[in-house]
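Peer 1: Starting from the structure of chain A, add chains B and C where the hints point.
Residue numbers (the numbering used here), protein chains in the order written: chain A, 71 to 247; chain B, 71 to 247; chain C, 71 to 247.
It is worth saying that the hints were derived from the structure and are not from the lab. No residue lacks a Cβ here, since even glycine has one placed at the ideal position from N, Cα and C. Some hints here could point you the wrong way.
Stated by the list, open to error - Using C-beta positions, here's what the derived DEER-type ranges look like:
(1) D214(B) to R121(A): 38 to 44 Å
(2) E243(B) to R116(C): 30 to 36 Å
(3) R116(C) to L208(B): 16 to 22 Å
(4) P175(C) to D136(A): 43 to 49 Å
(5) R174(C) to P97(A): 35 to 41 Å
Unchecked claim - Stretches of chain B that chain A covers, calculated by requiring three or more beta carbons in the stretch to come under 8 Å of a beta carbon on chain A:
(6) 77-83
(7) 194-202
(8) 207-214
(9) 229-237
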Amino acid sequence: MNSVTLITGGARSGKSRYALALAQQYPAPRAFIATAEPLDDDMRRRIERHRQERAGDFVTLESPLDPAERLAAFPTDTRVAVLDCLTVWLGNLLHHDPNVDGLRPQISRFLEMLDAPPCDLIVVTNEVGAGIVPHNDLARRFRDEAGTLNQQVAARADRLILMVSGYPLMVKEEVPR
Amino acid sequence: MNSVTLITGGARSGKSRYALALAQQYPAPRAFIATAEPLDDDMRRRIERHRQERAGDFVTLESPLDPAERLAAFPTDTRVAVLDCLTVWLGNLLHHDPNVDGLRPQISRFLEMLDAPPCDLIVVTNEVGAGIVPHNDLARRFRDEAGTLNQQVAARADRLILMVSGYPLMVKEEVPR
Amino acid sequence: MNSVTLITGGARSGKSRYALALAQQYPAPRAFIATAEPLDDDMRRRIERHRQERAGDFVTLESPLDPAERLAAFPTDTRVAVLDCLTVWLGNLLHHDPNVDGLRPQISRFLEMLDAPPCDLIVVTNEVGAGIVPHNDLARRFRDEAGTLNQQVAARADRLILMVSGYPLMVKEEVPR
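Looking at chain A on its own, in the form it has when it is part of the complex:
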């Protein structure tokens, strides 16, 4: 049975670097599923730079809207995939369909996939709910949806890790049977 690890934390808390370090402990081939959408040139350059930094170690797959589908199509010899990250994926979904209810099927498919992932999964997400309640209605909805999604993924994860200034705090760890 393949495992799911969820890595959460604030911005620039070292989540992605830790996720990559965990994945490096696996033999190749390793996959990196990037949810960031290259909406402008600056973003395109950043995505490309990050891809090159991982090159050799990871096969990068872009999937801004349906990472579950991406994972379903994986070659069977892939041992580990990093999915970076849940909140950017959720932001993309809300950008393409501000009606939250329209997102439910895609989110459900993702959660179902977590019950039997095609390889070990290391999922990165963001803590966005520990500041002042935002005035902006969409920001508030995003914050609520992100917190709910984080809980749903954590409930299905074998390990839940909170990153603090680059270091991991283990919050949940299922003992392997």
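Peer 2: Just chains B and C, lined up with the frame of chain A:
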């Protein structure tokens, strides 16, 4: 001696659900002290829906301004009460009296009550200080007051729990004597 | 070899008080390096009040722009210094030079100093990245820089502590050799 448990965390981190689960381990009667004020129809409906979800398991008491007084009037056979939540209560106080100093007596009464609570108490609060400093003066004051109140309650609590994506991290635990 | 302790957490989570309590365990002389700049009368009064609260226990040194230089000039009998705090220092640097690259030399000097501090150091910082992504471009840059700086200091620290409502969670602890 009755115990006090403080549960903190960001928005949608599973604080209320965990508080209810802890309280369910007690025999009835159990109380739920809701600090939310039904200011509009949408809020009224949400409060009513939550009340119905708890029905049978909890007696719900609304107390947007003075939960200490509410607790003092408890029937003596109540074994546990969930107070949900401190930051909404503080927001109500600031809404009714933006002059912070006017809040001190109510807050002092609440803190004194924690030294000898009428039953075991499970208090829910929010982390609101881990984002960027807000521009808005009132938001900044609320953030400072909430952090200070959280510290004051935590200092009087037997257990302090930080929720992360639905899972508890024990921060403080007094060994029962 | 002198040690470095990094204390992080949200606003009003008890970071400074805990830093002072740790430093009080050392014999005098103890130093307090304040990075706050007295930009207006209100701030001047707050800084002065805090200075008087510490008086007798700590020698207060103000250093809003170059705490590394301040530390280098320390009398050799100082056993411990509290630096409060990193994010205010970073804010000062960005205020005086909004071009982030202009800050690199000062930050590099500070990080180098951490490899061989002149006395035991207790550094306070803030978590600013666990709320919603700020709209404001400068706020977003500050948030990224603060997270990166926190990681860089944590990597050089012997202990990393996360404060939650006044209580410490140990995130990293190097066993002394």
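Peer 1: Look at each hint and say if it fits the structure.
Peer 2: Here is how each hint holds up against the structure:
Roughly 43 Å separates the CB atoms of D214(B) and R121(A), a value that falls within the hinted 38 to 44 Å. For the pair E243(B) and R116(C), the beta carbons lie near 35 Å from each other, so the given range of 30 to 36 Å is met. Against the hinted window of 16 to 22 Å, the Cβ-Cβ separation of R116(C) and L208(B) comes to about 19 Å, which satisfies the hint. For the hinted restraint 43 to 49 Å between P175(C) and D136(A), the CB-CB distance of approximately 46 Å keeps it satisfied.
In this structure the hint that R174(C) and P97(A) lie 35 to 41 Å apart at CB holds, the actual value being about 38 Å. Here the segment 77-83 of chain B counts 5 residues with a CB under 8 Å from a CB of chain A, which clears the bar of 3, and the coverage holds. Counting residues of the segment 194-202 of chain B whose CB falls under 8 Å from any CB of chain A gives 6; the rule of at least 3 is met. Only residues whose C-beta sits within less than 8 Å of a C-beta in chain A count toward coverage, and the segment 207-214 of chain B has 3 of them, enough to reach three; the restraint holds.
Given as covered by chain A, the segment 229-237 of chain B passes the check, having 4 residues with a CB less than 8 Å from a CB of that chain where 3 are the minimum.
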